[in-house]
Amino acid sequence: MNFVKDDKMIRIEDLVFEYGWDEEEAAAPVNAVDHVSLEVERGSFTAVIGRNGSGKSTLAKNINALLLPASGRVIVDGFDTLDDAALWEIRQRVGMVFQNPDNQLVSAVVEDDVAFGPENLGVAPDEIRERIRFSLTAVDMYAHRKMAPHLLSGGQKQRVAIAGVIAMKPEIIIFDEPTAMLDPEGRAEVMGIIERLHEENITVVLITHFMEETLNSDRIVIMDRGRIAMEGTPAEIFSRTAEIEALDLKLPFAVELTARLKERGIDIPAGLITERALSEHLLTLWKGNETSDLCPSE
Amino acid sequence: MSIRVENLTHIYNKGLAYETKAVDDVSFTVADGEFIGIIGHTGSGKSTLIQHLNGILKPESGSIFIGDAEITAKKIKMNEIRKRVGLVFQYPEYQLFEETVSKDIAFGPKNLGLSEEEIDERVREAMQMVGLDFATYAGRSPFELSGGQKRRVAIAGVIAMRPEVLILDEPTAGLDPKSHEDILNMVKSIRHRAGGIVILVSHNMGDVAEMADRVFVMDGGKLARVGTPAEVFADEAFLKRIGLGVPPAARMANDLAARGLASGRVILNIDEMTDFLADTLSGARESKS
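Chains as they are written, first to last, in my numbering: chain D, 483 to 780; chain V, 5 to 293.
Because the hints were derived from the structure by calculation, they are not lab data. Warning: the hint list may mix true and false statements.
[Unchecked claim] Straight-line Cα separation of at most 30 Å, BS3-like style, residue types lysine-lysine; simulated pairs:
no.	chain 1	residue 1	chain 2	residue 2
1	V	Lys87	V	Lys62
2	V	Lys226	V	Lys18
3	D	Lys628	V	Lys192
4	V	Lys226	V	Lys244
5	D	Lys628	V	Lys226
6	V	Lys25	V	Lys192
7	V	Lys62	V	Lys78
8	D	Lys628	V	Lys87
9	V	Lys25	D	Lys628
10	V	Lys192	D	Lys732
11	V	Lys87	D	Lys744
12	V	Lys114	V	Lys62
13	D	Lys732	V	Lys244
14	D	Lys732	V	Lys79
15	D	Lys744	D	Lys490
In this text the structure is predicted, and so the values were computed from the model without any measurement.
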């Protein structure tokens, strides 16, 4: 097994993944991932967006060696996914959370479900108990540890699935549309946990169709037809509105509203991509107007 | 054609320790041609309710009339219900199974015992309504299509039954923004062309506000609120308490209002938000000069 100490958490070098039958990417072109190079910093939060079939999930599955490159390389924390002997090291480092929580829970009791991964790693029973406590606490589900997963809400189930991944103590967690099936509260819960994991220096990769979920990321990567179409911070990406729309994506609400208000002659500086930031600015404008109304010029 | 639901109750696991009333004494009527949006958190009873409307589930008590037919009656034939009420499940593309798109869409009409010509006509009509070109797609395998296209095929299979009530359970879940928009436009055009009642179950508050004539809010198996989008989405505090929310425009308008910049009206979409802000902010500036 070759190990090269690497300052990048994930290093993808000219990755090509030729199309096989991957259920979720059935519409993907022949090269589902087509000469992609990407580096992911330790502890960073990367959001990956792009239309259905653009290669997002295929890219993600190449990171934890569920899929292997046809050419190019994927290096995770110094381990090459093509190195059979490194598979164990890679799977320990990369956890994945998928769209449908019902497909990820295997046990009849919440805490057994969380224990499933560590048990397979051969972790000692005392340590497993500690990991159950730690991971269920991290997702605010410790009080539900004796419950049956099927009695939980969608958001709660997804939190248990995340706890199962946290219990493996991964360095990287890849979330593949984790909120697609959730109600508004469930979405907020899961996004809150993703942001908390990021704060605790877990490297987060989030695949999503919801633009608002990308706004707190360090970097957005937009995939299109197997290639990286755009890359940058959320503020950079969402200032390129015409390109975003050409890629069939949507603008976050605040960005769209800014564009419309500018057309109506309201002065709004660039980079206010969250509703909160835009609200602050609008309130300042409004208060400025109010003050001048109250103090007419002499 | 109208829907009348009277005192509908459904109990899961009756007699067991974890017996739950999934639908609890629900009554409502839907008028012909109405578009109803149903919202509610996971487990609030939405799916259980709509599964009664096409006869998949039988209630503990209560009755459902579709037009003059009581579909909760003991002697009713399933085919009679299926002809009237079409239900598109979540992720319906997982239920595609035929080797070609046209065969898959023809499956339901075939089971109605229609003639070959009638089936062919319905398949063509349904494909046109969901925006799939017959010449291009009829002979293709549904499994080679994109996620959005597969979903259209599945919806066409339901439309080919020519139901008078079309129920869609989260039809846009998991789709990219463009396919999401396309499916919503498709639903609008189906409604426009076919008439009848459309019921949309969704976690997307913006979509419900945009599409529905009336919104049903489910909570704990009960119909907690019924009203126009403006009425229902006016109460953000209530909706948040039951795990829901309001469309983004309403959320921002409420936030601004709480901090002094109130519109004095319910804002549901970006057009209304733009008008309000442009008027307020440029109006003030003009009065200044």
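> If you check each hint against the structure, which ones fail?
Replying inline: 3, 6, 8, 11, 14 and 15
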